[in-house]
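2 protein chains.
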Amino acid sequence: MAEETENIQFELTDDLVNQVESLIRLNRDKDLKNLLDDFHYADIAEILDELDLEEAMYVIKLLDSETTADILMELDEDNREKVLRNLSTKEIAEEIGELDTDDAADIIAELPQERRQEVISQIEDEEHKAEITELLKYDEDSAGGLMAKELVKVYDTWTVAGCLRRIRGQAKEVTRVHSVYVVDKQEKLVGRLSLKDLVVAKNEQKISDIYISSVDYVHVKDHAEDVARVMQKYDLEAIPVVDDDMKLLGRITIDDIVDVMKEEAERDYQLAAGISQDVEADDSIWKLTKARLPWLLIGMFGGIGAASIINGFSDAMEKFPALLMFIPLIQATAGNVGVQSSAIVVQGLANDTIDGKIFSRLLKEFALGLVNGLAIAAIVLLISHFAFKTSYYESLTICVALISVIIMAALIGTFIPIFLDKRGIDAAVATGPFITTSNDVFGIFIYFLIAKLILGF
Amino acid sequence: MAEETENIQFELTDDLVNQVESLIRLNRDKDLKNLLDDFHYADIAEILDELDLEEAMYVIKLLDSETTADILMELDEDNREKVLRNLSTKEIAEEIGELDTDDAADIIAELPQERRQEVISQIEDEEHKAEITELLKYDEDSAGGLMAKELVKVYDTWTVAGCLRRIRGQAKEVTRVHSVYVVDKQEKLVGRLSLKDLVVAKNEQKISDIYISSVDYVHVKDHAEDVARVMQKYDLEAIPVVDDDMKLLGRITIDDIVDVMKEEAERDYQLAAGISQDVEADDSIWKLTKARLPWLLIGMFGGIGAASIINGFSDAMEKFPALLMFIPLIQATAGNVGVQSSAIVVQGLANDTIDGKIFSRLLKEFALGLVNGLAIAAIVLLISHFAFKTSYYESLTICVALISVIIMAALIGTFIPIFLDKRGIDAAVATGPFITTSNDVFGIFIYFLIAKLILGF
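The listed protein sequences correspond, in order, to chains U and V.
Taking my numbering, the leading residue of the first sequence gets 1, the next gets one more, and so forth.
Taking my numbering, the leading residue of the second sequence gets 1, the next gets one more, and so forth.
Next up, chain U with everything else stripped away, as it sits in the complex (with noise of 0.2 Å):
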């Protein structure tokens, strides 16, 4: 038993890959399951992410059902969309057979409606079978959506004794055991226990006696976020899930959770890049497009509309030429401006750190506003005078207009992701396309009222 311990920094490097793709060619089969037995499932999916499907399908076929499982949850999600989809239902079937429910169920999830009732009909352990069919119900961002059916739990009439026999049955099934749930007769969630509480106890000691009655659990169909910062805010590794009757019906595990944050992040991250569906760097073009597109239309619709403005003060800008330099510094800083505030409150509300005193809040950006405002206008205000001769009603118009749009900025900014947020939507949306455009119509617009008003044309 006492091989070398594994070192975790495995790297993916063009050699490896090589190696592989040498191997297959060759048909070489024992060898590349030897080479492959080395890696951790994560890794050899990392390789396949990079070999063609023929050859992934090659390696899939090699290898045994329970390590490919494993590999097919780690691919990439258009990868394993295409190995299924080379997969017969009877082999995506045993694949399932190897996998937790949950991982299961998200499997069957992705399957075109149609292949789906076929490969359920064709997983052998009829167990499995109906507790991957209850998962299929719950919606996939809710904590039904999350949870596994795979779990220890223990009846609070059992003796330690008792327990420990009965667990070793079950921990088999469960990957890793966090708590040990304790349940009443009806089944209900009564209390908790940890491997660590039952090791330490006296064999003849009652779970009734020793279990702890204050456990933590989520609503089936609480929402995944909602879970997630729960799970975070409490440090908890495992929580059960119950229904209305307080029946225990799974648990979700942290690592499912780190999941979950993850991939809230990037989409929170590119939805202020203005990026509207969930994409990677290697997806197509087309993908790529329609994800993108999108936002530099709004963004494109908000330059007509700065030339409609533009064009509608178009005298007064005969007249007053040196202003017309100065709009991409006004549309830049409302911009700027626009995106700091929201990114700051989205980031509080996500975090609850936000109450809804929005008046307080937005006093506080108007302050903040005329704070920058001031320092970017003083150093505006020597540049245009000494560089580009502007006159004085000139540098006062760009001045006073400065300070004014960034403090509308800043007001827009935050009063927006707020009021999202009130009526239920995801503020995290107004951060990119909303704000940035906005911003830049009300900056332009404000800039040139300011103007006929102190240069009066």
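Source of the hints: derived by calculation from the structure; they are not laboratory data.
Just so it is clear, CB atoms sit at the ideal spot from N, CA and C, and this is done for glycine as well.
It cannot be assumed that every hint is accurate.
[Said to hold, decoys possible] Chain U side only, calculated, beta carbon under 10 Å to chain V, not exhaustive:
(1) PHE10
(2) ASP76
(3) ASP216
(4) GLN232
(5) MET261
(6) ILE275
(7) ARG292
(8) LEU293
(9) TRP295
(10) SER308
(11) PHE320
(12) ALA322
(13) SER342
(14) GLN347
(15) ILE379
(16) GLY424
Take the given structure of chain U and dock chain V to it, following the hints.
Here is chain V on its own, set in the frame of chain U:
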């Protein structure tokens, strides 16, 4: 023991805060204690974050140090700093005595240099003191800075029965037992066991016969974000930390990694929004200004640069005033495309899904820019021709400029993050200020250059 199970949906209401405040005002210590005893320490921390410092200190002095130590860890960082300032070094040492070594070291690291030594010297448990002192040596962004000394360790020469007996002793001090680490006589990590394996094994078996020798680990100097990536990739809930000689130094648990991931995501999000320091919505105006003004200044200089370009082409502008109207459109589009391209690249780099092939990446962005550019240009062509009555050559200028600017922005947005990453600079810095500003300026310059070529002024 059969109380009610806890519902996790704690909600921080004004009523609750008012109730706590009034109990403090009336010195009703016993009622206050009873009220707070029902809450999780993370919830009490949320309540304290709403109170003023004097009230928070009142509650902290009232509760026992076991609870307050946990509460301290959950407080908002600014509030924790204030509370610590109001505690004597002896009181802090008492709180620290209740914490795991990793949390304890974090608290001490937050103290001003001059108080640290004093607090450490007052920790009563000599072993705890030595362990905390060791942890303080490591960089906070390294595996050493994340790990705790609390772990369950067995020697490969022990039997299962002997193991279980000794684990009962060790486990009392370890909040959660994920894995039992197996070491040899030289304290070198040789493998692992799960508690489940121990529970399932027979009493007389030897550890050396049952342990799993393939154990993932990280080096004490590995970067925190790399540790996070590894634990996430391999779905680990804890990972041991070793030194150069494979000696077992500590372990990192997934809850700490969840915090690292969250901080990383928030920082990237803020960087992309042009916020240069870690801030929250309720920070002071001064702190927020320090985080926000730098980008506004970069943007301002970009705006001044754009003004210079426009100024340089002022003769042409007099001849073709219609071109001026479309400056905001050009600028907004350049900014938007740049942000989109860079966001996708930055995420790809973070997830290691982008390989070194810069050229093929740029070629793809070129194609993508061409597709998006043609779509946008076609719409703008129609609008500018019919709504703004631009001449044939003016329309042509605008369209060619739009396509060129979109392609250029996509290329810059792709190239800069990859370039920074190759130089070892965090690519996330690139998405915000630099990309937007440089694309604004370049975009306007290209616009006028193309105008000059087509309109020939």
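*Minimum Cβ distance from ALA322 of chain U to chain V below 10 Å?*
Interface hint status for ALA322 of chain U: holds (8 Å vs cutoff 10 Å).
*Quick one, is the LEU293 of chain U hint okay against chain V at 10 Å, beta carbons?*
This interface hint holds because 6 Å falls under the 10 Å limit.
*Proposed interface contact between GLN232 of chain U and chain V, which counts if any beta carbon pair is under 10 Å*: 6 Å, holds
*Taking 10 Å as the limit, does the beta-carbon of SER342 of chain U come near enough to a beta-carbon in chain V?*
Since chain V brings a Cβ to about 8 Å from SER342 of chain U, closer than 10 Å, the hint holds.
*Should the hint that PHE320 of chain U touches chain V count as held when the rule is a Cβ pair under 10 Å?*
13 Å, violated
_Hint status (Cβ of ARG292 of chain U to nearest Cβ of chain V, threshold 10 Å)_ = ARG292 of chain U check passes; min Cβ-Cβ to chain V is 5 Å, inside 10 Å.
*Mind checking the CB of TRP295 of chain U against every CB in chain V and telling me if the closest is under 10 Å?*
6 Å, holds
_Satisfaction of the PHE10 of chain U interface hint, Cβ to chain V closer than 10 Å_ = Nearest chain V Cβ about 9 Å off; hint holds.
_Interface hint status, ILE379 of chain U versus chain V (Cβ within 10 Å)_ = 7 Å, holds
*Measuring from the C-beta of ASP76 of chain U to each C-beta in chain V, is the shortest one below 10 Å?*
8 Å, holds
*Should the interface hint for MET261 of chain U be scored as holding, given a Cβ-Cβ cut-off of 10 Å against chain V?*
At about 6 Å, which falls below the 10 Å cut-off, the nearest Cβ of chain V leaves the hint on MET261 of chain U intact, so it holds.
*Please verify that hint: ASP216 of chain U, Cβ, nearest Cβ of chain V, below 10 Å or not.*
5 Å, holds
Taken one by one, the earlier hints fail for this structure at numbers 11 and 16, listed in ascending order.
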